[in-house]
Amino acid sequence: MIVADPKPFLQVKGYLEDFQKVLVVGCGTCTTVCLSGGEAEVQILASGLRIAFGKDGRKKTILEGCVQRQCDLEFIVPVLSQVEAEGIDAVVSLACGVGVNFLADRLGNIPIFPGLDTTFYGANMQQGLWAEMCAGCGSCIVAYTGGICPVARCSKHLLNGPCGGSEKGKCEVDPKNIDCVWQLIYDRLKRLGRLEDLRNLLPAKDWSTASDGGVRRSAREQLYDVK
Amino acid sequence: MSDKSVVKSGSNLERVLSSGHFAVTCECGPPKGADVEHLEKKIALVKGCVDAANVTDNQTAVVRMSSIAASYILVKNGVEPVMQMVTRDRNRIAAQSDLFGAYALGIRNMLCLTGDHQTFGNHPKSKNVFDIDSLQLLDVVRTIRDSGVVNSGDPVQGGVKMFLGAAANPFADPFEFRVIRLAKKIDAGADFVQTQCIYDMNRFREFMKMACDMGLDRKCYILAGLTPLKSAGMAAYMNKNVAGISIPDEIIKRIRGVAKTEQAEEGIRLLLEQIQEVREIPGVAGVHIMAIEWEERVKEITERAGLLPRPRF
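One line per chain: the protein sequences are A and B, in this order.
Residues in the first sequence are numbered consecutively from 1, following our numbering.
Residues in the second sequence are numbered consecutively from 1001, following our numbering.
This is chain B alone, in the form it adopts within the complex (with noise of 0.2 Å):
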């Protein structure tokens, strides 16, 4: 069980969230290679906007450089990362195995996740893993992190502390079992959650009242997962392909109303007034805001949210 009392890796995100200020997080995806400049361009373009940037792993299945290293990169280019880790590939051997290396390398937040079927990457093909699931996997780092031992029992040699989140969806199905699962999560070692992309807010703000009710607000932070619209089209394109992302007809109607150059702004604006909606709902803890591949808005987005500047411990 996850105590908020209790230091677990002291690093910049957790510190942001125990002292109480609104935190800030948001993405950088590897790129598909080892170009290390282009992952430097997104770092500094996110620089001192956020407390932290997950770092995807081969997110929607699609081969890219490794979550570790570029993670790392991250902390080398003064970006504290969450480091993101699927067990699509890797059993709990590897997962082990890589989350001692990432730490070595000085990486603090660790996002425990199932992973996206291979079905939807470019290696179709594939054989997957998932020797254990996600809340399996924040159970073994949480072992390894509070008990010494590695999931066989034997022990771990040095601390290996990690500040652990988890991925919630409020909107995919059984509705009445999302927020079980949020617990489950909490039970299994998460410490913070990032949400899925929110635009149906009535049904986010119902599961975090749910979640509220449970006393979950109380042992874990809550961060609301937003993402700005860049069009109608991908708008439109999200709500009908996107598997457990429901974009109500009005928010669709709201960016197809505007000439397609104001697109993106009214996206944006969007993005701002989301930001204020989920600071006014209890138990949210901080924003999530995934600007896919739009890493040079975040800066601007943050500003005009009045997020900035971001605490500095």
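Just chain A, with the same shape it has in the complex (with noise of 0.2 Å):
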């Protein structure tokens, strides 16, 4: 899933000292999951502005939302007509910054502001821990590092061994709370009895792939015609 953390509050309230009526509007499938932009989180950070404005004495109206998925088409036409119908003059998003860019770019001119800071594709971990599993680079290697990835999990990518930095299985860029993947992925190909996978040079990476390469897309022929 997509991680996503909650912006400082006084940072949202400074998006929208120029505004009248907003509509806050939460996501119901990552953020909702990762406890940071669900409907709960939207009624908080509502609360908190039309507080904090009344405290100002500054009347505003703050309206509350929250669609499924605001990356898909589908479920945010109901909040463009909203937008449209109620004269709605800003909006912020709980969504992924996925969802705040697929909003903007059918906001016409309605300003739109992110009330979250997008972190990375994670793990749920236990009760309210996530950890960065993904990168997303487009070409997967974790076939040769047991299932597990060193470009998202090493603190410096690396991709034939750890550094000298790890020590009793930590990282030293933060040894309290980040792992040596290497030393996970040593630990498991032990296991795995295959060791010798270790002992060839992976060549320079492909990033062509990743976001290096420009601005990806992903097309299914079967129901888009890639021509």
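Because the hints were derived from the structure by calculation, they are not lab data.
You may find that some hints are simply not true.
Which chain A residues face chain B? A few, computed with CB under 8 Å, are given here [to be verified]:
#1 Asn101
#2 Ser155
#3 Leu159
Each pair of labels, with its calculated beta carbon distance range [unchecked claim]:
#4 Phe1313/B to Arg216/A: 35 to 45 Å
#5 Ser1097/B to Ser218/A: 46 to 56 Å
#6 Ile1093/B to Ser218/A: 54 to 64 Å
#7 Leu195/A to Pro1309/B: 40 to 50 Å
#8 Glu1277/B to Leu35/A: 51 to 61 Å
#9 Gly1153/B to Val215/A: 18 to 28 Å
#10 Val226/A to Val1156/B: 33 to 43 Å
Please read all numbers here as calculations on a predicted model, not as lab measurements.
Glycine is no exception: its CB is placed at the ideal position from the N, C-alpha and C atoms.
Fit the two chains together into the complex; they arrive one by one in their own frames, and the hints show the way.
What follows is the structure, encoded as structure tokens:
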């Protein structure tokens, strides 16, 4: 899933100083699951904004909404209609950056602001904790690394084993919180009896499939005419 | 695969090693600015005492004069540089371009590194590159040297002959992988390696035995890295704060056991003993003395260790 963290409240409030009628819209998928942009978080942010602007002696209308996915047209059409019908003059999105962009492309002259900082593709490690697992590089190499990704999980994205900063299974960049992924890979390949996989040099990676190759698209020929 | 019998660049360091002499290298860190005079003072302190001096590339991710420019200043002042290059700050385009530039300026030794993560330096908010890792950089430069093509396969105009080095850390984890990683670096093109500072001599002996059992000492020159301890405080600090460095308690106790004014001398005495110890370990081809901001003692250290005069070619 895509993980995102709430932006500081005063930053979001600052975006909205010049607007009277604001819609805060959440997303029912990833940011709901990671507890930063679902219905509950929309209510909390909207209430906070009402109280904070009220304390400033400024009355604004803060509306709330939440759709299943802000990254799919069928789900955002109602949002676009609401903005137009109700004369909303700014939108705050609590989706990941995908939702913000997708709405921005379709909101005409209505401004949209991000309520979250989108961080990474991660997994839920335990209640309230997520960790990065994939970097979306477009050419997966984990077949050679025991299913564990050094592109996403090594602080230096090393492809040929641990640097000198690996100590007792931890990464020197933040030994309390980051495992040395190369220790994990080593231990896993040892268990699988495949340590010889580490003996081969992985040559310079082709990053053209990552964002380095330009903005990416993904097409399914059975549904979309690539030509 | 590196082959000792073929001349790589004909650098002084390569000649010293290939003629069977016990090599001596040191470090010459560039200034945090364009202060050439400061650098030239350091160069003068090590001139004649070492076969080559490593010129670090924004070490610990702190901005300094570029290693290429500083290496050129070493060349001009008669000390052969080992130009360090990290992949943290440059992609394969910049790395190859900088290699050409360095060679054009007379630089003949190059040490390929990934580099310390930028969070440790003075620009922790910067973006890193890591397009390639240190092994891939070795592979890229070796291919330019031996096959005359850049990473994309395009031909290189004129020869670019570098004597290629790498770092090895026998003290980081997982320990069993450390020798495999060294073997990979040799496969990727390392002609020589310099190790991380050695304080745990038993672990280094074990590492060297594993390396020699795999025949790595026959394919590559292994220089033992040593750093003199200036004080008990420095020893304790390094032990606690530098990942991949462990200093045995008896060494910290030994330095702490003498008066503060005597600790630097005790550190040098320990270093001289370490130099003798590593000389006797099979497969060790030289020492890399990292006297960090202590270049003024390099002459004395090499003299007292019986490493002077250096061979001349």
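Checked hints:
1. Asn101: This interface hint is violated because 21 Å lies over the 8 Å limit.
2. Ser155: holds (6 Å)
3. Leu159: It holds, given that the least Cβ distance between Leu159/A and chain B is near 6 Å, below 8 Å.
4. Phe1313/B to Arg216/A: 35 to 45 Å: Distance hint for Phe1313/B, Arg216/A is violated at roughly 54 Å.
5. Ser1097/B to Ser218/A: 46 to 56 Å: With Cβ atoms ~33 Å apart, the hint is violated.
6. Ile1093/B to Ser218/A: 54 to 64 Å: 27 Å Cβ-Cβ, so the 54 to 64 Å window is violated.
7. Leu195/A to Pro1309/B: 40 to 50 Å: holds (46 Å)
8. Glu1277/B to Leu35/A: 51 to 61 Å: The hinted range 51 to 61 Å holds for Glu1277/B and Leu35/A, with Cβ atoms some 57 Å apart.
9. Gly1153/B to Val215/A: 18 to 28 Å: Between Gly1153/B and Val215/A, where Cβ atoms are some 27 Å apart, the hint holds.
10. Val226/A to Val1156/B: 33 to 43 Å: holds (38 Å)
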